[in-house]
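Peer 1: When we follow the numbering used here, the leftmost residue of the sequence shown carries the number 1322, and every step to the right adds one.
Mixed in with the good hints, there may be bad ones.
Stated by the list, open to error - Subject to a maximum C-alpha distance of 27 Å in a straight line, what follows is the list of computed DSSO-like cross-link-like pairs (lysine-lysine): (1) Lys1332 x Lys1355; (2) Lys1332 x Lys1368; (3) Lys1691 x Lys1672.
No wet-lab data here; the hints were simulated from the structure.
Note that the structure is predicted; figures quoted are calculated from it, not measured.
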Amino acid sequence: MSTPETMVTRKAAARIPTAFSEFQLYFYESPDNKEHLALVRGVVQGKRGILVRVHSECFTGDVLGSRRCDCGEQLQLALRRIAAAGSGVVIYLRQEGRGIGLLDKLRAYNLQDQGYDTVDANLMLGHEADEREYSIAARILEDLGVESIRLLTNNPHKIESLAEMGIQVEARIPLQAQVHPENAPYLLAKARRLHHLFSLEELEDAAAGQQPLTTRLMEEIQQALHVAEEHRRRTGRPYVTLSYAQSLDGSIADRPGRPLSLSGSQSLAMTHALRAAHDAILVGIGTVLADNPRLNVRLVEGRDPQPVIVDSRLRFPAYSNLLRNCRTPWIAASSGADSERQQALEEMGAKVLMLPSQNGWVDLTALLEKLGEQGVDSLMVEGGAQIITSFLSFRLVDQIVLTIAPLLVGGLRVVDNFGGYLRSFPRLKNLSYQRLGEDLVLRGEPDWRD
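Starting from the given sequences, assemble the full structure and let the hints guide the process.
Peer 2: Now the structure itself:
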C-alpha cells in the first residue's frame, strides 16, 4: 500500500480475464480526485525490465474504436505484448484529450475538421498543447515495486518525465499502430510538433491518401508479429507463422515433387510482404529440390528473410538459387550427416547447423531453440507437405495464414499426412478473412484441444 508521500493510495484489486490474458486490475485514489488504474500481468514486484504502458484515457479510441487517433490500437497492442511477455503493467491515467477532458476534446475535433491540427485546436481552446503529467504513473510504479521498466511509447516526453521522477527506463519499445488517412494528420502533427517518434514519410503518404502496399489482413498479421520478440524471450524460440496455399480440395501440389502454382498475383504479393515481415523463412529440402526457390522478397519492398532449410541428410544441391542470394542459407541437418558434405556446403557459403535427430529427422524443437539463440524473433514456414505436417503435429505453430485458390486438383494434401496424429488437428481462433483477387486468404491462431 502507499504512503502520503507517494500521492496515491491503492484501494482495491480484482482478477480481470481478458481476450489477451488474465490481469489484476488495481484501483488508485489520488489528490486529483480521479480514478487511476493499473492492469498488471504476472509478478512485477522487485523485477527489472518490466514492460510498461502508461496510457492516457481516450474514450473515443479505447471504447468506441475511433479512427481519428491511434490510442485504442496502442492499448490493444500493449495488452497483447504484455500478455506474450508473461508480465507487465498498463497504467490507465484519467487524462482524456491530452489532459483537456472529453468536452473540450470534442470541441477540438470540430476545429480539426475545419483544418486546424490537433495542437492548434488545443491552443485555440485556451489549453496547452499537451497538459498531461506523469507523477501519478511514477507513484503507481513505486507502489507496485517495479525496479526498472521498458516503456511502450512513441513519446520522448513521457520517457523524460518518468526518468525525472526517479523511474529507471531501460529502453523504449515503439508501438506502431496502423496508419491511414483518418489518423495520419493527427499522427503527423504529433510527430512534427510534439516530437513523437514516427516515420514521417509513411505519415505524409497516408495523409495524402497514399498507403504503402498492404492489406487489412496483412496489418492484422503484422500486429500479431509485434509480440515476436517477447515470445522469443519467454519461450526461447521464434514466433512461427505457417503460410501456404492450397486448392479447394486441400491439395498443395499435383503430386509429390511436382510444384503447382496456386496463388493469384495479389495473394502472392501478400506472401512476399509476409516474408519481408519475418526474420527468417523455412522450407524442407523437398521444396528446394522440386522448386529451386529463392525465398526472397521481390514483389514488394522489404528486406529478405534468412532462408532456413531442413535437410537431415545434407542433400542440398550445389546449383540451388539460394546460394546466389545476398543471404545464403542456413541448413539444418541431423548430427549424423556426412561431415565432408557439410564442409563442401560451408565452402559454398552455406551455414550448416548440426542438430539432434528425432526418428531420423531433424528435431524441430531443437532447431527453433537454435534459431532463437541466433536472435531470430519470427519465422515463416512455407512448406512442403512434410514440414507443414511436422510443425502442426508437434504444435510448433503460433499463427496460420492460408491461401485458398478456387480450383480442384485432386493432388497431394497436407492433412492426409497426419495419419495417427488425428488428435493434433487444431481449430483456429481469432479468425480473419480477406478476398485477394480470386483467392480467399484466412488468418488464425491454432487452438490445440486434446
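Peer 1: Each of the hints needs a verdict: does it hold here or not?
Peer 2: These are the hints, each one checked on the structure:
1. Between the alpha carbons of lysine 1332 and lysine 1355 the distance comes to roughly 13 Å, so the proposed pair stays at or under 27 Å and holds.
2. Of the supplied pair hints, the one linking lysine 1332 and lysine 1368 holds, its CA atoms being roughly 23 Å apart against a limit of 27 Å.
3. A threshold of 27 Å between alpha carbons decides the hint, and for lysine 1691 with lysine 1672 the separation of about 13 Å falls inside it, so the pair holds.
Going through the hint list in order, the structure satisfies each hint without exception.
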